[in-house]
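Asks: Let's have the full structure, built from the sequences with the hints guiding it.
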Amino acid sequence: MTEQLTPVEIGRDRARFDGALKAEGAAPYAYDYPVEDPLYLWTVDSTIAKGRVAAIDASAAEATDGVVLVLTHDNAVRVSGDDLEYAVLQDPAVRFRGQVVAAVVATTPEVARAAAESVVVRYDQEPHSVTVRAEDLYRPEKVNAGFPTDTDTGDLDAAMASAAVTVDEGYVTARTHASPVEPHTTVATWTDADGFLVFESSQSAHGFRRVFSDVFEVPAERVRVIAPFVGGGFGSKGMPHAGAVVAMMAARALPGRPVKYAHTRRQMFRLVGYRPRAEQRVRLAADADGTLLGVGVDVVQESSVVKEYAEQSAMPARTMYAAPHRRTSHRLAALDVPVPSWMRAPGEAPGMFALESAMDELAHECGIDPIELRVLNEPAVDPDTGLPHSSRYLVRCLRAGADLFGWYHRDPRVRSRRQGPWLVGHGVAASTYPAYRQPNNTALVRFADGRYQVEIAAADIGTGAWTALNQIAADALGVPVDEVDLAIGDSALPVASVAGGSSGTASWGTAIVTAARQFREKFGSHPAEDDEVRADVPAPTVAEEFATHAHGAQFAEVHVHEDTGEIRVPRLYGVFDAGQVINPRTARSQLVGGMVMGMSMALHEDSVMDPALGHTANPDLADYHIPVNADVCDLRAEWLGIPDHRLNPMGSKGIGEIGITGTAAAIANAAFHATGVRVRELPITLDKFLG
Amino acid sequence: MEADITLRVDGEERVVTVDTRTTLLDALRDRLGVTAPKKGCDHGQCGSCTVLVDGRREVSCLSLAVAKDGAEVVTAAGLVDADGPHPVQRAFVDNDALQCGFCTPGQVCSAVGVLAEAEAGWPSAVTAPGATPELTDAEIKERMSGNLCRCGAYPGIVAAVREVAG
Amino acid sequence: MRPFAYQRAADAPSAVAAVAADPRAVFLAGGTNLVDHLKLGVAAPSLVVDVSGLAVDEVEELPDGGLRIGAGTRNSDLAAHPLVRERYPLLSEALLSGASGQLRNVATTGGNLLQRTRCGYFRDTTVPCNKREPGSGCPALTGHNRYHAILGASRECVATHPSDMATALVALDATAVVLGVDGSRRVPVGELHRLPGDDPTRDTVLAHGDLITAVELPAPFGGRSRYRKVRDRASFAFALVSLAAAVRVRDGVIDDLRLVLGGVAHTPWRARHAEDALRGAAPTEGALRAAADAELLDAKALTGNAFKVPLARNALLSVLRDLTDIAPELEEDA
Numbered sequence: 001m002t003e004q005l006t007p008v009e010i011g012r013d014r015a016r017f018d019g020a021l022k023a024e025g026a027a028p029y030a031y032d033y034p035v036e037d038p039l040y041l042w043t044v045d046s047t048i049a050k051g052r053v054a055a056i057d058a059s060a061a062e063a064t065d066g067v068v069l070v071l072t073h074d075n076a077v078r079v080s081g082d083d084l085e086y087a088v089l090q091d092p093a094v095r096f097r098g099q100v101v102a103a104v105v106a107t108t109p110e111v112a113r114a115a116a117e118s119v120v121v122r123y124d125q126e127p128h129s130v131t132v133r134a135e136d137l138y139r140p141e142k143v144n145a146g147f148p149t150d151t152d153t154g155d156l157d158a159a160m161a162s163a164a165v166t167v168d169e170g171y172v173t174a175r176t177h178a179s180p181v182e183p184h185t186t187v188a189t190w191t192d193a194d195g196f197l198v199f200e201s202s203q204s205a206h207g208f209r210r211v212f213s214d215v216f217e218v219p220a221e222r223v224r225v226i227a228p229f230v231g232g233g234f235g236s237k238g239m240p241h242a243g244a245v246v247a248m249m250a251a252r253a254l255p256g257r258p259v260k261y262a263h264t265r266r267q268m269f270r271l272v273g274y275r276p277r278a279e280q281r282v283r284l285a286a287d288a289d290g291t292l293l294g295v296g297v298d299v300v301q302e303s304s305v306v307k308e309y310a311e312q313s314a315m316p317a318r319t320m321y322a323a324p325h326r327r328t329s330h331r332l333a334a335l336d337v338p339v340p341s342w343m344r345a346p347g348e349a350p351g352m353f354a355l356e357s358a359m360d361e362l363a364h365e366c367g368i369d370p371i372e373l374r375v376l377n378e379p380a381v382d383p384d385t386g387l388p389h390s391s392r393y394l395v396r397c398l399r400a401g402a403d404l405f406g407w408y409h410r411d412p413r414v415r416s417r418r419q420g421p422w423l424v425g426h427g428v429a430a431s432t433y434p435a436y437r438q439p440n441n442t443a444l445v446r447f448a449d450g451r452y453q454v455e456i457a458a459a460d461i462g463t464g465a466w467t468a469l470n471q472i473a474a475d476a477l478g479v480p481v482d483e484v485d486l487a488i489g490d491s492a493l494p495v496a497s498v499a500g501g502s503s504g505t506a507s508w509g510t511a512i513v514t515a516a517r518q519f520r521e522k523f524g525s526h527p528a529e530d531d532e533v534r535a536d537v538p539a540p541t542v543a544e545e546f547a548t549h550a551h552g553a554q555f556a557e558v559h560v561h562e563d564t565g566e567i568r569v570p571r572l573y574g575v576f577d578a579g580q581v582i583n584p585r586t587a588r589s590q591l592v593g594g595m596v597m598g599m600s601m602a603l604h605e606d607s608v609m610d611p612a613l614g615h616t617a618n619p620d621l622a623d624y625h626i627p628v629n630a631d632v633c634d635l636r637a638e639w640l641g642i643p644d645h646r647l648n649p650m651g652s653k654g655i656g657e658i659g660i661t662g663t664a665a666a667i668a669n670a671a672f673h674a675t676g677v678r679v680r681e682l683p684i685t686l687d688k689f690l691g
Numbered sequence: 001m002e003a004d005i006t007l008r009v010d011g012e013e014r015v016v017t018v019d020t021r022t023t024l025l026d027a028l029r030d031r032l033g034v035t036a037p038k039k040g041c042d043h044g045q046c047g048s049c050t051v052l053v054d055g056r057r058e059v060s061c062l063s064l065a066v067a068k069d070g071a072e073v074v075t076a077a078g079l080v081d082a083d084g085p086h087p088v089q090r091a092f093v094d095n096d097a098l099q100c101g102f103c104t105p106g107q108v109c110s111a112v113g114v115l116a117e118a119e120a121g122w123p124s125a126v127t128a129p130g131a132t133p134e135l136t137d138a139e140i141k142e143r144m145s146g147n148l149c150r151c152g153a154y155p156g157i158v159a160a161v162r163e164v165a166g
Numbered sequence: 001m002r003p004f005a006y007q008r009a010a011d012a013p014s015a016v017a018a019v020a021a022d023p024r025a026v027f028l029a030g031g032t033n034l035v036d037h038l039k040l041g042v043a044a045p046s047l048v049v050d051v052s053g054l055a056v057d058e059v060e061e062l063p064d065g066g067l068r069i070g071a072g073t074r075n076s077d078l079a080a081h082p083l084v085r086e087r088y089p090l091l092s093e094a095l096l097s098g099a100s101g102q103l104r105n106v107a108t109t110g111g112n113l114l115q116r117t118r119c120g121y122f123r124d125t126t127v128p129c130n131k132r133e134p135g136s137g138c139p140a141l142t143g144h145n146r147y148h149a150i151l152g153a154s155r156e157c158v159a160t161h162p163s164d165m166a167t168a169l170v171a172l173d174a175t176a177v178v179l180g181v182d183g184s185r186r187v188p189v190g191e192l193h194r195l196p197g198d199d200p201t202r203d204t205v206l207a208h209g210d211l212i213t214a215v216e217l218p219a220p221f222g223g224r225s226r227y228r229k230v231r232d233r234a235s236f237a238f239a240l241v242s243l244a245a246a247v248r249v250r251d252g253v254i255d256d257l258r259l260v261l262g263g264v265a266h267t268p269w270r271a272r273h274a275e276d277a278l279r280g281a282a283p284t285e286g287a288l289r290a291a292a293d294a295e296l297l298d299a300k301a302l303t304g305n306a307f308k309v310p311l312a313r314n315a316l317l318s319v320l321r322d323l324t325d326i327a328p329e330l331e332e333d334a
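For the record, the sequence lines run as chains B, X and U.
Counting from 1, one number per residue, gives the positions in the first sequence under our numbering.
Counting from 1, one number per residue, gives the positions in the second sequence under our numbering.
Counting from 1, one number per residue, gives the positions in the third sequence under our numbering.
Simulated from the structure, these hints should not be mistaken for laboratory data.
Everything numeric in this text was worked out from a predicted model, so none of it was measured.
Hints are not guaranteed to be accurate.
[Unchecked claim] FRET-style restraints, in silico, Cβ to Cβ:
(1) B/D168 to U/V253: 55 to 63 Å
(2) B/G406 to U/V187: 51 to 59 Å
(3) B/L137 to U/R202: 26 to 34 Å
(4) B/R399 to U/T125: 38 to 46 Å
(5) U/G135 to B/P219: 52 to 60 Å
(6) B/P219 to U/P23: 36 to 44 Å
[What the hints assert, rightly or not] From chain X, some residues computed to sit far from chain B (all C-beta separations above 10 Å):
(7) E12
(8) E13
(9) G152
In this text, a Cβ means the ideal position worked out from N, Cα and C, and glycines have one as well.
Replies: Pasting the structure below:
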């Protein structure tokens with residue numbers, strides 16, 4: 001049990017403190033910082049997926065007025081480390097289409113671009129492999145976040161053979177891109193202190209500093225990463241990618257000159273990671289009444305030759321429902337494709353589409369309500385570890401959501417309701433995401449000018465950290481929020497973990513509370529000017545005793561046009577157990593935002609690989625669709641509001657990612673209810689209902 | 001090839017030398033240091049560069065600056081006046097119609113344009129043929145659909161515009 | 001983006017002369033398509049002649065009851081124009097279903113007619129495309145072709161024309177007024193765009209230097225009309241299939257009708273087979289189905305767009321039912 005804060009500010013509905021700055025266009029994002037005498041970088045990207053650069057003719061670029069540097073693998077600074085994603089411009093090898101093979105730096109963006117376009121690259125092309133083949137599959141040593149690759153308990157095959165009811169189906173999730181509206185941007189300067197100053201789109205100032213320090217072999221204290229405002233990240237800005245390294249290479253070669261580089265929208269589809277396409281075979285074995293005997297998920301996923309990335313897509317099946325026989329596996333194929341990476345709820349998002357679709361299929365087979373099926377299979381302890389739950393309120397979320405949505409009026413028969421030409425269906429699915437807290441966080445509290453300065457290199461990528469951390473600090477110090485000055489988003493501030501894994505508020509907030517308490521212990525309630533405390537937080541131990549997860553339930557109403565197959569989601573409601581909510585207004589936006597992205601995953605997002613050319617054939621926002629305003633109708637997020645005292649002093653669980661989990665299944669399940677057509681391959685586009 | 005043009009930006013007359021290839025957006029951001037409008041896609045597909053040009057909302061990434069010589073440009077920064085933020089900006093903050101904030105200056109300019117367009121009686125794709133449009137939620141959603149928000153703040157955006165529309 | 005010279009046109013004839021004199025010159029109007037293409041490298045002109053200041057943005061009534069629309073008229077102004085809303089609601093609906101508010105505020109009538117295909121391979125200069133580089137090949141034949149043509153395509157090119165407005169203008173029997181070096185001429189909008197055949201580089205019948213100065217609409221067709229656009233998002237997306245339909249029923253028979261499909265061909269696709277089948281016929285469910293089937297008899301699907309055949313058929317059916325007040329038959333018969 002963690003000593004809890006007394007909520008005064010925590011839980012209070014407040015407008016976000018940085019809202020006015022953003023609405024007035026005054027919040028500086030990485031590219032917006034005024035810098036002296038900047039240079040502009042434009043890259044040359046490979047037009048083959050595999051082979052070697054045979055020759056680069058940059059003579060036209062070099063002869064262009066205003067061009068100050070052409071970087072190629074011949075002259076780029078050597079970098080260190082074994083992460084091939086950062087080993088850009090190190091050798092002539094081409095490992096995916098769109099890889100940076102040269103870069104031009106010039107005094108204006110127009111000149112840099114034209115000069116880069118004038119560079120002629122000749123390749124020795126080799127046949128590429130960009131689609132998963134069974135013979136290429138291998139077993140990774142572990143999957144993302146360090147989870148085991150496979151698990152096997154009991155005898156799933158026997159359970160499947162003997163069960164009264166079984167589901168054995170394949171589910172496909174599309175390749176999707178985080179697509180923050182701010183493209184990844186780096187403004188880098190090699191300073192006269194022999195170090196880097198970097199304005200960056202980053203979810204982790206310290207994490208980026210660590211990588212840059214290692215890659216360029218520059219002591220970390222001579223690298224400063226500044227990122228107080230970040231235009232969305234969704235995982236893609238959780239670690240640096242190759243483009244930042246290229247910009248810093250240019251800056252290293254041009255001391256004293258800031259080099260500005262923003263990815264083009266096209267490059268956002270190949271240089272900053274993406275959620276890889278996955279196929280999941282789900283097996284469920286149950287008694288006639290729906291009691292689960294076995295759960296199995298086998299994941300097959302694309303990965304890259306540059307760097308292995310395995311989403312932990314089978315993880316939800318390990319923890320969601322009780323069953324004696326369980327087996328999960330993850331297999332990969334290393335392809336000549338761009339490097340996949342984190343995108344919001346890696347593992348849980350695709351995993352919960354498959355598992356929760358399959359649960360709906362089982363409910364249909366058994367002829368029972370899908371909510372009751374889940375209630376029936378609610379585990380007493382975590383099925384994966386055998387540990388008790390720190391708290392688990394899935395059933396309450398299901399019941400509360402059912403009431404909010406009006407679920408119990410639903411006629412369970414498919415194609416049973418219509419409005420004019422629209423077939424109407426209702427669907428439900430569960431949501432889940434682990435409740436993490438990261439080690440390695442330090443906060444500083446200082447008293448100056450009658451105010452409390454609170455410093456930690458946290459990141460606000462739209463999450464509301466600027467507001468929530470201020471509220472936490474106020475309660476931890478026992479003062480009003482307007483006596484707290486918060487500083488975040490700068491690696492010059494005390495170390496903080498990544499804004500990822502929905503762990504930010506818990507991790508940074510715990511550090512702030514720890515520092516504030518130590519400050520009060522040391523200096524009492526009447527501190528002197530410049531009294532300060534810097535506190536490190538010990539690594540959390542709760543996970544040794546408890547399984548820690550957030551849960552939720554999502555309910556979708558789906559309309560499918562009988563003639564055209566057009567699909568709309570007029571209602572999408574979610575009820576979540578997220579522990580103590582720090583700020584209801586910003587929390588609601590986080591949960592709603594996750595649900596919108598889940599709806600987007602369900603209906604829109606599909607990065608189409610052209611196998612012949614070896615690249616994404618729809619790399620822009622006109623062809624790779626994310627929802628527009630008109631796609632989002634009555635969308636509500638509510639929460640139970642029960643603090644989990646075991647997790648952290650706030651009693652909070654992360655809310656950044658749970659909203660995207662289960663959404664696609666709720667929508668697919670509703671579409672099945674509307675039409676009788678079970679769509680097992682995302683996205684659920686109108687063609688799936690035609691012919 | 002370069003040209004000198006004059007733009008009136010957020011109430012201030014600015015003379016700037018541009019390349020003929022420079023877009024209005026890049027003229028504002030790279031040449032004039034006016035960074036309220038953002039570059040999200042540079043191809044007219046996201047709306048984050050939306051500004052008001054001679055009173056109408058436009059994406060600034062698909063205009064050549066040289067073709068806008070003499071234009072009056074208002075960005076989100078220019079919507080703030082002596083009385084403080086524009087009512088739309090206040091409503092965006094109150095309704096939490098933003099998260100990361102990157103698309104927000106464009107959303108705000110677009111919303112100001114939407115209010116004027118509706119006031120002028122302009123129909124949208126969801127207006128019944130011949131009808132006088134009123135800014136219902138459906139109308140707001142349709143009219144604001146040129147501004148993508150990846151954070152998914154759409155419900156707040158609709159609430160903010162609805163609040164100002166009255 | 002290569003350097004180019006920029007010139008503001010003083011009047012239409014001098015603009016035409018300037019562009020006609022330089023094979024690498026282009027007109028700039030709203031710029032929403034051209035500037036996009038400049039960035040993509042799809043267009044690489046030496047000279048840009050800006051016609052956006054020519055003040056050809058009047059919408060005037062013609063003596064025959066028709067309308068003359070200046071080519072510089074912005075899409076949003078045209079869609080909101082009282083005469084257009086009152087007499088040509090089909091055009092207003094089509095315009096408003098296209099692009100976004102910000103783009104419609106800039107895009108012009110002339111430019112909209114001439115916007116080029118959204119085919120992703122055409123828009124990517126790192127891959128082959130017969131429309132950009134004759135003879136280089138067509139990756140869309142086997143690649144990402146969800147948005148591509150099912151009618152009138154060739155082995156050379158399967159791209160579709162993207163304009164909603166043009167689809168409606170064809171249904172309205174509009175005429176483009178074109179100024180060339182040899183003077184002004186009139187081109188029916190229905191004959192403006194061409195099928196790809198063996199020369200997909202040419203989208204239209206216009207010659208280099210031809211400038212659309214106006215679009216004229218004949219007197220209203222009467223009857224009932226509808227622009228129906230089916231797309232992947234609820235707004236701000238190109239059509240998978242669209243339909244501009246106008247139907248006039250008199251004494252229980254279809255006196256006349258116009259059916260034009262969008263999103264299915266290299267041009268707005270005048271559904272003449274369906275029109276012919278229904279002209280003079282009583283609007284029955286059977287007649288409508290036969291007409292829709294007749295139109296799609298020659299449809300050829302690619303690897304990823306077979307759904308467009310039933311989609312176009314069903315769009316025709318459902319709109320025609322609405323416009324002729326036919327109730328759909330029970331789904332068991334569908």
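Asks: Look at each hint and say if it fits the structure.
Replies: These are the hints, each one checked on the structure:
Between B/D168 and U/V253 the beta carbons are some 56 Å apart, a value that agrees with the proposed interval 55 to 63 Å. Range check, B/G406 to U/V187: about 57 Å between beta-carbon atoms, so the 51 to 59 Å window is met. Between B/L137 and U/R202 the beta carbon distance is about 48 Å. The supplied range of 26 to 34 Å is therefore violated. Between B/R399 and U/T125, the C-beta spacing of about 56 Å breaks the proposed range 38 to 46 Å.
A C-beta distance of roughly 57 Å is found between U/G135 and B/P219, which places it inside the suggested range of 52 to 60 Å. Hint check: B/P219 to U/P23, Cβ distance near 58 Å, so the stated range 36 to 44 Å is violated. Here X/E12 stays apart from chain B, with its beta-carbon at least about 15 Å from theirs, past the 10 Å limit. Remark: the non-interface label on X/E13 is consistent with the geometry, its nearest Cβ contact in chain B lying 20 Å away (cut-off 10 Å).
Residue-level check failed: X/G152 sits 3 Å from the nearest beta carbon of chain B, not beyond 10 Å.
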